[in-house]
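> Residue numbers (numbering that gives the first Met the number 0), protein chains in the order written: chain L, 0 to 250; chain P, 0 to 218.
Think of the hints as simulated: they come from the structure by calculation, not from any bench.
Note that the coordinates shown come from a computational prediction; the quantities given were computed from them, not determined experimentally.
Careful: at least some of the hints might be erroneous.
Stated by the list, open to error - The calculated label-pair distances, taken between Cβ atoms and stated as ranges, are:
1) P:Asp138 x L:Gly58: 48 to 58 Å
2) P:Gln13 x L:Gly58: 53 to 63 Å
3) L:Gln206 x P:Asp59: 16 to 26 Å
4) L:Asp178 x P:Arg64: 39 to 49 Å
5) L:His7 x P:Gln145: 36 to 46 Å
6) L:Glu124 x P:Leu56: 55 to 65 Å
7) P:Leu56 x L:Asp222: 44 to 54 Å
8) P:Leu16 x L:Gly58: 56 to 66 Å
9) L:Ser175 x P:Asp59: 27 to 37 Å
10) P:Gln13 x L:Ser1: 42 to 52 Å
11) P:Ile141 x L:Gly247: 24 to 34 Å
12) L:Lys194 x P:Asp138: 47 to 57 Å
13) L:Tyr13 x P:Leu56: 50 to 60 Å
14) L:Leu220 x P:Leu63: 30 to 40 Å
Each residue gets a CB set at the ideal place from its N, CA and C atoms; glycine is no exception.
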Amino acid sequence: MSNKIEIHKLDLHYGKFQALKAVDMPIRERSITALIGPSGCGKSTLLRCLNRMNDLIAGVKVKGRVLLDGQDIYAPGVEVPELRKRVGMVFQRPNPFPLSVYDNVAYGLRVAGLRTRARTAEIVEKSLKGAWLWENLKDRLDSPALELPLDQQQRLCIARLLAVEPEVILMDEPCSALDPIATMKVEELMMELKKDYTIVIVTHNMQQAARVSEYSGYMLLGDMVEFGLTANIFTNPADPRTQDYITGRYG
Amino acid sequence: MERHFDTELIQLKQQLLKMGALAEAMIESAVKSLVERDSAKLEQIFRQEQEVNSLQLAVDEDCLRLMALYQPTAGDLRFLLGVTKINAELERLGDQAVNIGEIVERLLKEPQLKPLIDIPKMAGIASSMVRDSLNAFVDRDIAQAQAVLLLDDQLDDLRNRVVEELIEFMTREPGSVSRAVQLISVARILERIGDHATNIAEAVIFVVQGRDIRHHSQQ
Chain L
0 MSNKIEIHKL DLHYGKFQAL KAVDMPIRER SITALIGPSG CGKSTLLRCL
50 NRMNDLIAGV KVKGRVLLDG QDIYAPGVEV PELRKRVGMV FQRPNPFPLS
100 VYDNVAYGLR VAGLRTRART AEIVEKSLKG AWLWENLKDR LDSPALELPL
150 DQQQRLCIAR LLAVEPEVIL MDEPCSALDP IATMKVEELM MELKKDYTIV
200 IVTHNMQQAA RVSEYSGYML LGDMVEFGLT ANIFTNPADP RTQDYITGRY
250 G
Chain P
0 MERHFDTELI QLKQQLLKMG ALAEAMIESA VKSLVERDSA KLEQIFRQEQ
50 EVNSLQLAVD EDCLRLMALY QPTAGDLRFL LGVTKINAEL ERLGDQAVNI
100 GEIVERLLKE PQLKPLIDIP KMAGIASSMV RDSLNAFVDR DIAQAQAVLL
150 LDDQLDDLRN RVVEELIEFM TREPGSVSRA VQLISVARIL ERIGDHATNI
200 AEAVIFVVQG RDIRHHSQQ
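The whole structure should be built from the sequences, with the hints applied where relevant.
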């Protein structure tokens with residue numbers, strides 16, 4: 000399996016504070032990579048570098064390279080909206096638009112200039128099916144998205160992403176607002192999605208990282224302490240700091 | 000940070016060591032009964048086996064409970080897996096001591112065949128292998144675990160010598176066959192005890208380093 004993304008010597012400063020220190024990490028195509036580490040370690044910052052979400056924050060300086068299919072996404076001339084279409088993001092709290100279920104999924108298509116009604120309907124259906132929502136919602140496409148249960152809202156946000164055909168899906172604590180059953184549904188969906196997409200997830204839930212990911216990176220104070228196969232990290236980590244964190248001794 | 004889980008692991012370890020001490024004492028008493036031709040300790044060995052058996056159940060139950068409740072990872076997970084393996088080996092050690100004890104009961108009904116030399120030597124090596132493998136577990140001492148693995152060859156060689164010698168004995172004196180066969184069994188049991196200690200030492204290496212060296216695997 001090849002690398003979808005390669006991160007080389009990535010530094011990030013928020014003003015004078017260095018949040019990422021020479022981070023190196025590969026992200027394998029069509030697999031789930033988990034970023035773990037204590038709060039403030041830089042894992043969400045690293046995640047947001049992958050589609051240049053940090054550009055929106057004043058005072059952020061990024062050095063180093065992030066290659067998506069071999070092309071540096073920080074190179075001059077990169078179209079950031081186009082990048083964010085290829086590398087989409089799901090957030091901690093489901094954030095559907097205050098629109099109908101249908102319009103949430105169709106929104107990105109309209110922004111992208113798709114005007115034909117039949118084609119839009121086709122993609123909405125395919126995206127809702129991809130997020131395991133079609134059976135639940137096919138008769139309620141006009142309902143307000145904000146009235147759905149939280150896990151359906153989260154999966155609607157995933158459907159909204161799928162509609163614009165991303166290649167990489169970034170997930171920042173996607174289950175932290177969900178109960179265990181809803182969490183399980185999202186995890187199962189992730190495992191289905193990785194057949195077609197490359198997924199990177201930030202999670203505080205160690206068991207979630209262990210359950211869903213093939214690769215894990217453990218971060219501490221802006222350093223990538225250890226990166227490797229999740230099965231190895233959770234049975235025989237190479238670095239004592241990783242061991243302390245995943246066994247709950249850290250802190 | 001001290002975890003509540005650590006307290007549980009320490010308690011589990013103590014239980015396993017109690018079992019180890021029992022198994023060790025049982026083996027020593029069994030061999031002593033044979034060498035000194037004294038049946039006084041045999042009853043005690045049979046009683047202690049019951050104790051080892053119930054400890055085995057308790058240790059396994061604890062491991063299962065800790066795995067389910069704490070979902071351990073990394074070193075903690077390897078520790079619990081190691082404890083279940085060592086637990087099974089200790090229970091078998093107890094059984095082997097009883098097997099020797101039963102043979103001794105029969106042998107003591109007949110006159111001594113010959114003064115024993117190599118069998119006590121084997122017993123000494125086997126006992127120290129058991130003791131050292133348990134110490135290696137307590138101290139997380141890889142060097143000591145590896146030393147146990149090396150002793151196993153000496154035990155195998157001695158066993159072969161004992162068997163050869165006793166076969167010669169039987170050929171010369173047909174009247175010695177039943178006693179010689181029993182002594183061969185003792186030698187084989189002592190060799191098996193060395194194998195159990197070897198398994199414990201291998202489990203220690205797995206617990207400490209995450210390397211599985213069984214069957215000479217290269218991982």
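> Give a verdict on every hint.
Evaluation of the provided hints:
1. P:Asp138 x L:Gly58: 48 to 58 Å: holds, 52 Å
2. P:Gln13 x L:Gly58: 53 to 63 Å: holds, 55 Å
3. L:Gln206 x P:Asp59: 16 to 26 Å: holds, 23 Å
4. L:Asp178 x P:Arg64: 39 to 49 Å: Taking Cβ atoms as reference, Asp178 of chain L and Arg64 of chain P lie about 25 Å apart, which means the hint is violated.
5. L:His7 x P:Gln145: 36 to 46 Å: Roughly 41 Å apart at Cβ, these two residues keep to the hinted range, so it holds.
6. L:Glu124 x P:Leu56: 55 to 65 Å: Taking Cβ atoms as reference, Glu124 of chain L and Leu56 of chain P lie about 57 Å apart, which means the hint holds.
7. P:Leu56 x L:Asp222: 44 to 54 Å: Since the Cβ atoms of Leu56 of chain P and Asp222 of chain L sit about 46 Å apart, the hinted range of 44 to 54 Å holds.
8. P:Leu16 x L:Gly58: 56 to 66 Å: Cβ of Leu16 of chain P to Cβ of Gly58 of chain L: about 58 Å, so the range 56 to 66 Å holds.
9. L:Ser175 x P:Asp59: 27 to 37 Å: Taking Cβ atoms as reference, Ser175 of chain L and Asp59 of chain P lie about 36 Å apart, which means the hint holds.
10. P:Gln13 x L:Ser1: 42 to 52 Å: Check passed, 51 Å falls within 42 to 52 Å.
11. P:Ile141 x L:Gly247: 24 to 34 Å: 25 Å Cβ-Cβ, so the 24 to 34 Å window holds.
12. L:Lys194 x P:Asp138: 47 to 57 Å: Check passed, 48 Å falls within 47 to 57 Å.
13. L:Tyr13 x P:Leu56: 50 to 60 Å: holds, 57 Å
14. L:Leu220 x P:Leu63: 30 to 40 Å: Roughly 37 Å apart at Cβ, these two residues keep to the hinted range, so it holds.
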